[in-house]
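S.K.: So you can see what is in the structure, the chains are spelled out below.
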Amino acid sequence: MGKVLRPGVTIKGTKDGLLFLLDESRPFSAILSELKYKLENASNLWDGPDTRVWIKLGNRQITREEEKEMRELFSARKNLIIHSIEAANGKPYLVDNRGIQMLAGTVRSGQVLEHRGDLLLLGDVNPGGNVRSTGSIFVLGALRGLAHAGGEGDESAIIAASSLHPTQLRIAEVVSRPPDEWDESETSGMNFAYLVNGQIAVDKMHQISRIRPDIHEWKDHRFKA
Amino acid sequence: MGEAIVVTSGKGGVGKSTTSANIGTALAMAGKKVCLLDTDIGLRNLDVLMGLENRIIYDIVDVIEKNCKIEQALIKDKRCEALYLLPAAQTKDKSAINSKQLRWLIAELKEKFDCVVIDCPAGIEMGFKNAVSGADRAIVVTTPENASIRDADRVVGLLEKEKVSRPKLVVNRLRPHLVREGGMMDVDEVVSVLAIDLLGVVPDDEEVIRSGNQGEPIVLHKKSLAAQAYRNIARRIQGEVVPLLVLEKERKFLGRMKRWLGFA
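From first to last, the protein sequence lines are chains V and Y.
Just so we're aligned, residue 1 is where the first sequence starts under this note's numbering, counting upward by one.
Just so we're aligned, residue 1001 is where the second sequence starts under this note's numbering, counting upward by one.
Note that these hints are calculated values from the structure, not bench results.
Here the structure is a predicted model, which means the values were calculated and not measured.
Any given hint could be a false lead.
To be verified - As a list, the in silico DMTMM-like pairs of lysine to aspartate or glutamate whose alpha-carbon atoms are at most 25 Å apart:
#, chain 1, residue 1, chain 2, residue 2
1, Y, K1033, Y, E1108
2, V, K68, V, E152
3, Y, K1161, V, E114
4, Y, K1163, V, E65
5, Y, K1033, Y, E1111
6, V, K12, V, E66
Said to hold, decoys possible - Just the calculated beta-carbon pair ranges, DEER-fashion:
#, chain 1, residue 1, chain 2, residue 2, range
7, V, L103, Y, D1188, 55 to 61 Å
8, V, I208, Y, R1210, 57 to 63 Å
9, V, A30, Y, G1182, 55 to 61 Å
Yeah, the Cβ is synthetic: ideal placement off N, Cα and C, and Gly gets one too.
Just chain V, same shape as in the assembly (with noise of 0.2 Å):
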């Protein structure tokens, strides 16, 4: 019910301008083509003085190629100047890659791999490597050295591996020495370590769709006939 009354795209006006209020349950493609419906229409509505537009991605981050889109549709309009793209809670707007990256090989000791986005690493970690990335970290294989997940700031990013055995974890400004800091029990497996209240938690990998709704749980995820 609630879907098809809200609308992908909600206009405010305030006293500086426009608001653009962008949800972010939505396929973003779909938002593009309501934000393009709602421009192209209603032409009476925006032929006026130049007006600043604020646009709210919610919790949405969108890609180079999204925003290139978005400001096209928006270019048709030429009143109307955007001022700023924002997503909640001052997380940069732009995600640095679509999905996740894969890279291959050990990174051992002394070696140090900085990543943008979300990295997924097929190889070990060795005592003494380095591997830093501004998204989430995953590890298919052993990481026995230094994760930093989240290096610029984003406190959801997490940090997974096949074997947790980390000597030190970061996740954004939080440092986690494991080996004092944990019972063993908590290592054997695959798990995964976040961010909550300010500390890093470990937690079964199985744990992930609760702690982190962002991460869709599958349910019925098919081809269609």
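Go by the hints and put chain Y onto chain V.
M.R.: This is chain Y only, laid out in the frame that chain V set:
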């Protein structure tokens, strides 16, 4: 045209020179023409381990500086016909030669020998980089200790950036009884961290120290388990498939009986 094998480890004191001396000697015993090249300038020991210290007249720096011909600096081994040593200089330091000069020297030696075994200095600085730059293959030596493995891992990472083909691993000074008690990492653990091919495992053996002090590489003593391990490593270098040594003998008849019956 021979090939150059560098023996390296990162950490000091894990047995690079001992391994170089023994692998070189074992290869020579197997009929190869071998040159041992000590690149640890300023801290040379390979000549001591080989018992050839008193025969040194010219050294590697003399060759590089063209004070002598390569043949004049090569010391023929006392025991093996086909084994030669080119000693390091003791009075200079690592800056006495650069990687270009060493590459030239190694290329010259490869013309004359089947195998050039390069004993690399500890560390990852210039001495290491020089020694590695002229090598075709690399052997990384580590003991089953955390500190040593950490350094070996660093070195493997650096070697992968060089043009050296995939390095091979020698686990040195393994103490089987300590492994069994859980006081030492086992070979599988070491190999799983370093993720490179295992070339051999050398057990900890007092005889290695004794023979080193006498200037006799242990491979010359037939009976020792460590000698057997080094000979097997040399055979694997030549491409043979040799199973790993059983480092612990079944101590009692009862144990053998148990295994035979399917217990233990």
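S.K.: For each hint, tell me whether it holds in the structure or not.
M.R.: Going down the list of hints, with the structure as the test:
1. Proposed proximity of K1033 of chain Y and E1108 of chain Y is supported: the alpha carbons are some 14 Å apart, at most 25 Å.
2. Our distance criterion of 25 Å between C-alpha atoms is met by K68 of chain V and E152 of chain V, whose separation comes to about 24 Å.
3. About 17 Å separates the Cα atoms of K1161 of chain Y and E114 of chain V, which keeps this hinted pair within 25 Å; it holds.
4. In summary, the hint linking K1163 of chain Y to E65 of chain V is not supported, as the alpha carbons are separated by about 40 Å, beyond the 25 Å threshold.
5. For the hint pairing K1033 of chain Y with E1111 of chain Y, the CA-to-CA distance comes to about 11 Å; that is within 25 Å, so the pair holds.
6. For the hint pairing K12 of chain V with E66 of chain V, the CA-to-CA distance comes to about 22 Å; that is within 25 Å, so the pair holds.
7. As the Cβ distance of L103 of chain V to D1188 of chain Y is approximately 26 Å, the hint placing it in 55 to 61 Å is violated.
8. The hint said 57 to 63 Å for the Cβ distance between I208 of chain V and R1210 of chain Y, and at roughly 58 Å that hint holds.
9. Evaluation of the 55 to 61 Å hint for A30 of chain V and G1182 of chain Y yields a pass: the beta carbon distance comes to about 59 Å.
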